[in-house]
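Trainee: The listed protein sequences derive, respectively, from chains A and B.
The first sequence finishes on residue 125 if you use the working numbering, and the numbering steps up by one all the way, no holes.
The second sequence finishes on residue 256 if you use the working numbering, and the numbering steps up by one all the way, no holes.
Take the hints with a grain of salt, since some may be wrong.
[To be verified] Taking lysine to any residue and the SDA-like style, the derived pairs with C-alpha atoms no more than 20 Å apart in a straight line are:
#1 Lys-235(B) <-> Leu-41(A)
#2 Lys-235(B) <-> Gly-33(A)
#3 Lys-235(B) <-> Leu-34(A)
#4 Lys-235(B) <-> Trp-154(B)
#5 Lys-235(B) <-> Phe-216(B)
#6 Lys-235(B) <-> Arg-28(A)
#7 Lys-235(B) <-> Gly-37(A)
#8 Lys-235(B) <-> Leu-40(A)
#9 Lys-235(B) <-> Phe-36(A)
#10 Lys-235(B) <-> Trp-43(A)
#11 Lys-235(B) <-> Val-32(A)
#12 Lys-235(B) <-> Met-29(A)
#13 Lys-235(B) <-> Thr-38(A)
[What the hints assert, rightly or not] The calculated label-pair distances, taken between Cβ atoms and stated as ranges, are:
#14 Leu-233(B) <-> Gly-51(A): 27 to 33 Å
#15 Glu-54(A) <-> Thr-196(B): 21 to 27 Å
#16 His-11(A) <-> Trp-153(B): 26 to 32 Å
#17 Ala-140(B) <-> Leu-89(A): 25 to 31 Å
#18 Gly-179(B) <-> Tyr-96(A): 35 to 41 Å
If you are wondering where the hints come from, they were derived from the structure by calculation, not from laboratory data.
Just so you know, even glycine gets a beta-carbon here, dropped at the ideal spot from N, CA and C.
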Amino acid sequence: MATQNRPLSPHLQVYRLPLTALLSITHRMTGVGLTFGTLLLAWWVTAAAYGQAEYAQVQAFLGSWIGLILLLGFSFALFFHLCNGIRHLFWDFGSYFELHETRRADIFVLIGAAALTAATWVMVL
Amino acid sequence: MTTNTTSLRSALGHARGLGSAKEGTHHWWLQRVTAIALVPLTMWLVASIIALSGFGHEAFVVWFGRPVNATLMILFLGVAFHHAQLGMQVFIEDYVSHHGMRTALNLLVKFACYGLATLSIVSILTIAFGA
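Looking at chain A on its own, in the form it has when it is part of the complex (with noise of 0.2 Å):
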């Protein structure tokens, strides 16, 4: 029956999802996630202007082994959000659309991301 042939949109469950797709995935998920981040920014700034015990209490909290954990998770994301949101403004002017410039710039964002994670950790520890 003609109605079997017909083209499938990639489905999740069973399509690969290339590396640029991933990447843009990513991109949506580290938005969220540096949204619900801003509540600890928030929280560090708001204790700051309480005084100096309250800010005490944030910095314990970002020094715990968790606090930790989250401001690793949070500089990851804020540093790929960034290295790729670049990314999307060179795509907003129509450039670097062709697959083998993807790929390349796949790998710039992702070395990018890391590096200047690594870079901030070396900085801060």
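Place chain B on chain A using the hints.
Mentor: Chain B alone, transformed into the frame defined by chain A:
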């Protein structure tokens, strides 16, 4: 008589250029404007956090007590929360199909973003003015 035979759009619709959503590229454009502004602001904030990371409350107050730092931080907070709210709207509109739920989530995100932005900015101003 010169008529456009390739488009079904009315001349008025074409001149306004807003499309069916009646807002044109406003949302898309603001997302880009805030994104471009956030590139240098984010790098400045990361550098500030690295500089403050080893120190306590006193260092925070001294750093954000300086007018240029307070200005950059307030700009970051305003632009970042605006960008977050714009992005979350796209996310919610793409993945939440229930109409009422979509509207409720959009309202919640917008109120939360502007509430947190205002709270954070007032906090920086409190420090900057030394209250």
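Trainee: None of the hints should be skipped; say for each whether it holds.
Mentor: Hints, verified against the model:
no.	hint	verdict
1	Lys-235(B) <-> Leu-41(A)	17 Å, holds
2	Lys-235(B) <-> Gly-33(A)	16 Å, holds
3	Lys-235(B) <-> Leu-34(A)	15 Å, holds
4	Lys-235(B) <-> Trp-154(B)	18 Å, holds
5	Lys-235(B) <-> Phe-216(B)	13 Å, holds
6	Lys-235(B) <-> Arg-28(A)	18 Å, holds
7	Lys-235(B) <-> Gly-37(A)	15 Å, holds
8	Lys-235(B) <-> Leu-40(A)	17 Å, holds
9	Lys-235(B) <-> Phe-36(A)	13 Å, holds
10	Lys-235(B) <-> Trp-43(A)	18 Å, holds
11	Lys-235(B) <-> Val-32(A)	13 Å, holds
12	Lys-235(B) <-> Met-29(A)	18 Å, holds
13	Lys-235(B) <-> Thr-38(A)	13 Å, holds
14	Leu-233(B) <-> Gly-51(A): 27 to 33 Å	30 Å, holds
15	Glu-54(A) <-> Thr-196(B): 21 to 27 Å	24 Å, holds
16	His-11(A) <-> Trp-153(B): 26 to 32 Å	29 Å, holds
17	Ala-140(B) <-> Leu-89(A): 25 to 31 Å	29 Å, holds
18	Gly-179(B) <-> Tyr-96(A): 35 to 41 Å	40 Å, holds
No hint from the list above goes unmet by this structure.
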